Each structure stands twice: as structure tokens, then as C-alpha cells.
Amino acid sequence: DTGVSQNPRHKITKRGQNVTFRCDPISEHNRLYWYRQTLGQGPEFLTYFQNEAQLEKSRLLSDRFSAERPKGSFSTLEIQRTEQGDSAMYLCASSLVRGTSGRLYEQYFGPGTRLTVT
Amino acid sequence: AQSVAQPEDQVNVAEGNPLTVKCTYSVSGNPYLFWYVQYPNRGLQFLLKYITGDNLVKGSYGFEAEFNKSQTSFHLKKPSALVSDSALYFCAVRDMNSGAGSYQLTFGKGTKLSVIP
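From first to last, the protein sequence lines stand for chains P and D. Heads up: the first sequence begins at 1 in my numbering, then just goes up one per residue. Heads up: the second sequence begins at 1001 in my numbering, then just goes up one per residue.
The following block holds chain P by itself, in its conformation from the complex (with noise of 0.2 Å):
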């Protein structure tokens, strides 16, 4: 399966514990995105990557989430100091930018990640 993978694909920790979530995108795709989705709602943009850039973080939903690409390749996403607020699905999602090819605009997602926090 060459598709966008995430791990794990459940986390229960306690408030204010710390938790990191792990996405591989498709290889050769260069944006990587972070979305948050919550029960009855749509998936909402928290931040993206273009290679190893972080081109957009102002959406993330506080200075408590931070995210790295740090080879242009994997990403992770990380809480600290979890409120059961954060209680959500967490998805990443990749897409090719190259030129004007139609196949700019797809973003392919992965199965996310489902935090629980008590």
C-alpha cells in the first residue's frame, strides 16, 4: 500500500501529558498537510509543509501544538500538555504541487489518528 499511512492510529493518554502522532505521506509527494476533525464536523487546517518548510502554522490551535517535517519526508504533530479538549481525529493529508498539472490540487489522506484524552 503506497498510500498516506499515520501512526498510531489511536492514543489515550491523560490531560497534560505530552503525545506525538506520525505521518508518512506518499513518496513523492512534496505538500504535506495537518488537519483536526472533530465529532459532527468537518476536517479543519492546522498547518502545512512544502518539502522540509513549514509554509503556514498561524491555524495551529495553540502554542501546545507544534509540527515538524524535518527531512522533507515523514511529519510529525506533537500536543504537549493535552486538554480533553484536544480529543479529536487527526489527519494527514499529502498532495504533489508541480507546475499547473491538474493533479495539483488532490490531497490524499490517511486513515488519522484518534486521540482521546481523560
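Take these hints with a grain of salt, some might be off.
What the hints assert, rightly or not - Only pairs whose alpha carbons sit at most 30 Å apart, straight line, appear in this in silico DSSO-like list of lysine-lysine: (1) D:K1077 with D:K1022; (2) D:K1069 with D:K1109; (3) P:K14 with D:K1022; (4) P:K11 with D:K1109; (5) P:K11 with P:K71; (6) D:K1112 with D:K1069; (7) P:K57 with D:K1109; (8) D:K1077 with D:K1058; (9) D:K1109 with D:K1022; (10) P:K11 with D:K1112.
For the record, the hints were derived by calculation from the structure and aren't laboratory data. These numbers were taken from a predicted model, which means no experiment stands behind them.
Using the hints, position chain D against chain P.
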């Protein structure tokens, strides 16, 4: 700011009947519109997109969508529904608040489609 509205939380349709899942949008400038489907415990799967060109867009699994600029709508359609089409459907628009080179999406709340055998 751009927004997407999916006015129906749930749509029920009998197997074999045509289905429509509604989406309206609000953006400044030309919209880039998408439909995704989400099955339980799985990520979103891309169905189709409208960037420019023909107003009727054909996508995966027999789905199509009609872009209507005057009504600011992008309804998802299928001529004959299958039980396996039962899932959560999301309409999305390119987020225009970010830079010209960014393509993150603003999603609607989703519509649950139930196809009844």
C-alpha cells in the same frame, strides 16, 4: 472568508434511485471545489474536483457534480445509488485566506448518506 455549507445532515435514498448531496459555497474569486467521501475508521477519499472548464465534473465510483456559479452550488450526484455508497460525504473549497501557493481546504460539516436496500 470562504465557507462551505452542506444543508442536509443526512440523506436517505433507496438503492437504485438517483442521489443528490447538496453543497453551497461562498468564496471571493474563482472557487476550487472538491468532494471527498469518508467510510468508518478510514481517511477521506477524493471523489472529484472542479477547477475550471466544464460545469459537469465526473469522478470516481460513478459520481458526478455540477458546478453552478449563479447559485454558488456544487451538488454531488449519482444516477443509481448502491448500498456501498453509504458513507459520510464532505464538500470542500480551497482556502483563499492563505497565500497564492497554498492549497489547504475548508470543509463543510458533512452529509451522511444512507442507501436503503
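We went through each hint and held it up to the structure:
1. As the CA atoms of K1077 (chain D) and K1022 (chain D) are separated by approximately 9 Å, the hinted pair is consistent with the 30 Å bound.
2. Restraint check for K1069 (chain D) and K1109 (chain D): satisfied, since their Cα atoms lie roughly 21 Å apart, inside the 30 Å limit.
3. Proposed proximity of K14 (chain P) and K1022 (chain D) is contradicted: the alpha carbons are some 40 Å apart, above 30 Å.
4. Taken as a hint, the K11 (chain P) and K1109 (chain D) pair is honoured in the structure, with Cα atoms around 24 Å apart against an allowance of 30 Å.
5. With a CA separation close to 25 Å, the supplied pair K11 (chain P) and K71 (chain P) stays within the 30 Å bound.
6. At roughly 25 Å between alpha-carbon atoms, K1112 (chain D) and K1069 (chain D) fall within 30 Å of each other, so this suggested pair holds.
7. Of the supplied pair hints, the one linking K57 (chain P) and K1109 (chain D) holds, its CA atoms being roughly 23 Å apart against a limit of 30 Å.
8. As the CA atoms of K1077 (chain D) and K1058 (chain D) are separated by approximately 10 Å, the hinted pair is consistent with the 30 Å bound.
9. With a CA separation close to 12 Å, the supplied pair K1109 (chain D) and K1022 (chain D) stays within the 30 Å bound.
10. Distance check on the hinted pair: K11 (chain P) and K1112 (chain D) sit about 26 Å apart at the alpha-carbon level, within 30 Å; holds.
Violated hint: 3 only; the structure is consistent with all others.
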